[in-house]
Structure formats: C-alpha cells, structure tokens
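Participant: Count along the sequence shown from 1, add 4, and you get the number used in the numbering used here.
Think of the hints as simulated: they come from the structure by calculation, not from any bench.
Listed next, the in silico DSS-like pairs over lysine-lysine satisfying Cα-Cα at most 30 Å (straight line):
1. K100 to K145
2. K197 to K267
3. K145 to K133
4. K133 to K21
5. K197 to K278
6. K145 to K21
7. K267 to K278
8. K133 to K100
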Amino acid sequence: MNLAALDRLNDLSRSLKLDALLLSDVHSLAWLTGYAPAIQSGPNPFDAGPGLGWLEEGELQIITSDGDAAGFLAQGASVRTYPGFTLDHPLDPVEKQMTVLDELWHHISSRPIRIGVEFDMLAAEPYSKLLSSCPDATINKIDHDVKILRQLKTASEIVRIRSACALCDVAQAYVRNRAHAGQTEIALWAGAKGQLEIEAGERIPAYPEFVAGPRAGNVGDLPSTYQLQSGDCLRFDLVARHNAYWGDNCATVFVDEPSTQLKQIHQIVLDALKRGIDAIKPGLPAAELDHLMRDYIIAAGYPSYPHHSGHGVGTAYHEEPRIVPGNSTQLEAGMVIALEPAIYLEEIGGVRLEHTLLVTVDGHDLLTQHFHFN
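Could you build all of it, start to finish, from the sequences and the hints given here?
Facilitator: The structure is reproduced here in structure tokens:
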C-alpha cells in the first residue's frame, strides 16, 4: 500500500468536507495499492469491470473479483471480493458485484452523506447502485482533484518508475543494435518485446509507436510489415509497465547512412530536448517549458509538432502535469515527466526524442538512459 498516497487522499476528503470517496480510475487504485491487474488480453470476461475503491473513515476497501484479489492482498490492501469465473453457476459478475456493494453501503442507506466520486471510468451499474443505496447522498466529482494528487511521487514510486524506464532502455538498445535493411518493423518489434519480457522475467504490458522510412513522417503508428531500407530513419516510442508503473522513452535511429536533412533535424530535436531538460527546476511553468522546446524548432525553420512537449508518467503513461501551451502548472520536486519534442517531414521521415526525468529540488534526475547528449 502507498500509505503516503492514502494520507493525501484522506486530506483531500477532509478539505472538501466529504464523508466518503468512490474511486473507479484504475490508475488511482494502482497509485493507492501498488497493484495493477493484467491488461494484455483486454477486458476480463469474468469481471464486472475494473476494481472499485471505497474510502470511508480513513479506511480504503477494494471491491474486485476473486481473480484479482491476490494481487491487491499482496500489497496489503483490504479487499471485498465477488465470484468471477465459476463452473457451478451462470456467469453474472455484475450482479455479484452489486451484492457486495449492497452489503458495503447498507449502513449509510438512510443517512445524508457527502460522497466524492471518480466519474471518468465509472460504469453505469455501480453508480446506479450508489444512488439507489444512498438516496440522500450529495455527490461531488473528484477526478481532477485526485489526478493532481498523483503528480507528486514518493520515493517508492520513483523506484518503480526507474525500473520500468530501465526496461524501456533495454528495448531501445535491442532495436538500435539490430535495425538493418530488409528487416520488417513488426519482426524487429517482436524481438524487442521478447527481450523486454526476458529482462523483466514476466509478461509486460507495452505499447510501441514503431515507424520507419516515410511512415516516420507522421506522428506515429503501430509496427507494420514495412521493410527497412538503407537511409531510413526508424522512430521507436515505447511505454512499458512494470510493478504497476510505466516507463516511457523514444529514440530515432538510422539504417546505414541517413540523408543530410535527416541528420540535421535529428540534431535540432536533440538540441531542443536538451534545452528543455537543462531548464527543469521547481517553479518553472509547464507552458514555459513547452515554449522552450517548441519555439526552438520553429526558429530553426520547421513547423510546430502537433502534440504536447511532454507529460507526467506514473501509474498512467500519460498524466498530469501536461507540458502544453497555456498550462500554468508549476513544476515541483517529486514530479516525473517525459519530454518529447519532434520534427515531422511528410514523405521523408521524422525525428522524436524523449527522456523521462524526475524533477528535483535543484534540477532533475534522468530516469531513462537510452541515449546521451555527448
């Protein structure tokens, strides 16, 4: 359990004068408990959906199917379970989840109560059950409040993110050392994914943007059967999850000798990224950090990239703070952010470079090590 996170959540509840919180965001539950259920095979047909959290009088209870209970219990969480897979009865996980919620909320059914709710990932059935169980409740939306709490990482969270970033670095090294003409994107990615899981010793949720040649002139796509050719650039942006936390990095490598223009834009993007990283310090507004990188690329004569300059990384691979124009959020020590400026040239190729780093009291600490600036 992340007891520091639980303390922050209880402080939030008190500050908003709430009696209880209903948590439905999978990233919030991972942040609080340190456990994230497997996602590689998609939604579990034996579950009523992702787990729920109920915080009342300082105690957090996780409502989940018996299939995921062990993972939460191993992290020290208090768990209420409903049967998931069964041979003896029809599969009806939603109805079984409702039975658990009935029991959980019976004691507050006749009381006026103020409840904070994460709505963004909440299914209709649990919310309907909440309204019918607590007809006198006042409901407050708390999604944004909780996301802001998740911005600042504890020491134990940073250890997990650093570990996930190290796995991303392993995959980048594999691709850098094996990219050659004639190989397909999908074959190269398959090898990198295998190496990633061998290094971790387990299955790893991972999402790649893996594009080469003219395909790299677009913002991104999944690996395809495109065959690498001499002179191509290959852009590999990877997020991978380990122990409930994500790592994130991106590199652009060349197959044999690239064109002068591709080498030039690689250097410009590298310089823009270094400019951003060197500026990192507590108090720096996110929008100013965005402009430092974005304006450098525009001043070099290239168009602005059509995405953020960076984002937070934690139990979600894209979270607050977002490094975008107009965001007045100031960096704080303990934030983990990824920076990723880019240049895209249609029909030619494109370069994006990304490092994930920890904001410290006196600057930053690089968490990814897949390339260096010298």
